[in-house]
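Trainee: Residue numbers (the numbering used here), protein chains in the order written: chain A, 1 to 414; chain B, 1 to 414.
FYI, nobody ran anything at the bench for these hints, they're computed from the structure. Be aware that one or more of the hints could be misleading.
Each pair may be met inside one copy or between any two copies, as identical chains are not told apart.
As a list, the in silico DSS-like pairs of lysine-lysine whose alpha-carbon atoms are at most 27 angstroms apart [said to hold, decoys possible]:
(1) K392 - K110
(2) K138 - K395
(3) K385 - K131
(4) K385 - K129
(5) K355 - K398
(6) K398 - K138
(7) K136 - K395
(8) K181 - K385
(9) K398 - K136
(10) K385 - K136
2 protein chains.
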Amino acid sequence: MPYKVAVRSFKTLSYIGSYKKMRDRPLAFYCAAILGAGYAAYSQHKQNKAEMKEIIQLKNYMAEPITPISELEKNQDDMKTQMELLIMRIQAEFCRALEKEEDEAWEDEKTTDDFDFDNDVFLPSPESKFKVDRWKRKEGGGGITCVLQDGRVFEKAGVNISVVSGILPPPAVQQMKSRGKNFENKELPFFAAGVSAVIHPRNPMVPTIHFNYRYFEVQDKNEVHWWFGGGTDLTPYYLNEDDAVHFHRTLKQACDEHDPTYYDKFKKWCDDYFVISHRGERRGVGGIFFDDVDYPDQQSAFKFVTSCAEAVIPSYIPLVQKHADAGYGYHERQWQLLRRGRYVEFNLIYDRGTKFGLHTPGARYESILMSLPLNAKWEYMHDPKPNSPEEKLMKVLKEPRDWLNFQQSKNTST
Amino acid sequence: MPYKVAVRSFKTLSYIGSYKKMRDRPLAFYCAAILGAGYAAYSQHKQNKAEMKEIIQLKNYMAEPITPISELEKNQDDMKTQMELLIMRIQAEFCRALEKEEDEAWEDEKTTDDFDFDNDVFLPSPESKFKVDRWKRKEGGGGITCVLQDGRVFEKAGVNISVVSGILPPPAVQQMKSRGKNFENKELPFFAAGVSAVIHPRNPMVPTIHFNYRYFEVQDKNEVHWWFGGGTDLTPYYLNEDDAVHFHRTLKQACDEHDPTYYDKFKKWCDDYFVISHRGERRGVGGIFFDDVDYPDQQSAFKFVTSCAEAVIPSYIPLVQKHADAGYGYHERQWQLLRRGRYVEFNLIYDRGTKFGLHTPGARYESILMSLPLNAKWEYMHDPKPNSPEEKLMKVLKEPRDWLNFQQSKNTST
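Isolated chain A (complex conformation):
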């Protein structure tokens, strides 16, 4: 186990290897670094190799973990700790992968104005860095919200983690019951930890991605109920079939490592969930979506969720790199804005997470609504022209496709 963890940490480090400079971070980051250093000294004192994981990671997290480090260390084997460390790592890896794309776009444009002669380095563009907000929740726990706005590649990118605990009020308990859970108490102590992200690129040829992975614990009488939920889905503005196949294939590989039935099941669940019912269309080309995963056992379920979360970067970043410099004009931008309006409709009207979040007293609405695009548009009775690229997308949104078998039959026929 410590060996696998070390390997994974190295994988993370090599992924973000190009990211060597000390970065323009708010105070919270330096606090985290100082705490990290202190923690490193403390850990070395303990001569415990397994703790290397935290030491390495801590420097790379976007901010200090929500749960005090001493507590995390004390409860290393607790799933709450494992999940918090997973989402911290996923958040940091994903934010840095996106910043790398911004940095590369900036590389092409930088001038001597951006050069810091004192330190003999180019100063990275401030718009290409995530703004990091570490927040506390009065009722217990908190989160870290990272938002990059108005970048060269990404118009708005939000990557959020939250680790919250407290008492679940009766309406929330009721909602769980209606989903098949059976609790006896009216108010329940709960714990929830999750990472969620929505990335709206600037170029209409680059699709939007959303993912969310979460772990839930509810204590009823003497029993602790736990389960995982999550998913990753893709929302293109212009359909590129190869992109959709690559995306689905990457997710399928992550699923197949754990159960050969998962991909089919969770792909269908995704198609059924991201539906803008009043328009009779899906939000995008799908992906995977699941909830109530409390099988086959806690560690296996955690490993499955870990694989899914680790599949986000390889499923998406290649698509960004492929299309970020594609040509487009006013027409394509207008269509992207209209589709972003549809995205807003889904999120505000249908998305359970958003609705549940906004109706929770004391919710940090800025973190919940970071998923909304920077710009959106609604035109009355807009209808794509027949046989246009826009209509081609609409057909797939109205009738979801089996991307991987579609690819197979396409390969067979050629």
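Given the coordinates of chain A, work out where chain B should sit on it, guided by the hints.
Mentor: Chain B in isolation, oriented as in the chain A frame:
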């Protein structure tokens, strides 16, 4: 009664008097005109002066009424007929008042390119006219949706009427019950007729207006339950206190004609209804809002609703005229777009009408969502600068003001 009707018709005609040219209308309009002419001939044959009302109006409606004219004529005293004719008139008057503003803005800009030398007249700009869609609902009834998009004065203006009937499904009945109604049957025959409009001007100094007036009938066993609902509210982007006072004073006058307690009661109801709860702010500076008005009697309630609907133009058009040419820049436009994002949040998350509409099978979602702005924006953690005009607005949105007493005390103190 016929005398008052004739006076009202003349008032309408004089209001839209400047609107003399035959207009660029879709087929439906000409059908309506032909039907109108036929109806006029038929009515003259009957030598019934009261019918003059329909003859005059029919030519001025945006399209043919939803209910067949023969049926409207047969049931002239029925509230269903009276309400349908009221909303047809209100729709037409309001659309033309807005088109007049567009025409005047265009007057200043027209060139010889716009001159029709064959007919010796200037051709009006097509963007300054409402697009009229008359639609049928499979389950019974239909509506007329008028939308003006990308005009000189109005970025997006939607004025919709609907006249629908059918069977209210159990969830809808349940929702009525929870609002205090007590029905015995599980499925109920119903009739609903209403006009609703949302106007998003281009200039950030001109406020957005929304109004909706509706009549409902539900038949339970042998009893017919009926009631009226409605309201008018104003959403400025920059606070102009004189505007807010003028707006509220006009609505108060309409209320006071019928009951001295109405304005205070319905002003408070409005402040309590248009709340973006998760942000702890109101949508705008309020107005009036009411529901379940089935008192003191049907005719009196109808007259009250008529007064409110007739107060829309005098409450709003002067504000358009006052600010349509005000100077503004990028900063003001960005703020307007952010506030439009908040408007979307209210409409999609909280507005009962929108939610009820979108969850009704077979709903014409394009008519429901015409209320959404052409463009909207969401910036993470946007916060107006202290003592800025933007912050001045936010203060009023967080703490609604008693505009008319505020004005009084202001006058007293000066």
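Trainee: All the hints need checking, so say for each whether the structure fits it.
Mentor: Okay, the hints, checked on the actual structure:
no.: 1; hint: K392 - K110; result: neither (38 angstroms within a copy, 40 angstroms between copies)
no.: 2; hint: K138 - K395; result: between (46 angstroms within a copy, 25 angstroms between copies)
no.: 3; hint: K385 - K131; result: between (40 angstroms within a copy, 19 angstroms between copies)
no.: 4; hint: K385 - K129; result: between (39 angstroms within a copy, 23 angstroms between copies)
no.: 5; hint: K355 - K398; result: both (24 angstroms within a copy, 22 angstroms between copies)
no.: 6; hint: K398 - K138; result: between (43 angstroms within a copy, 22 angstroms between copies)
no.: 7; hint: K136 - K395; result: between (44 angstroms within a copy, 25 angstroms between copies)
no.: 8; hint: K181 - K385; result: neither (47 angstroms within a copy, 47 angstroms between copies)
no.: 9; hint: K398 - K136; result: between (41 angstroms within a copy, 24 angstroms between copies)
no.: 10; hint: K385 - K136; result: between (49 angstroms within a copy, 24 angstroms between copies)
Checked against the numbered hints given earlier, the structure breaks hints 1 and 8 and satisfies all the rest.
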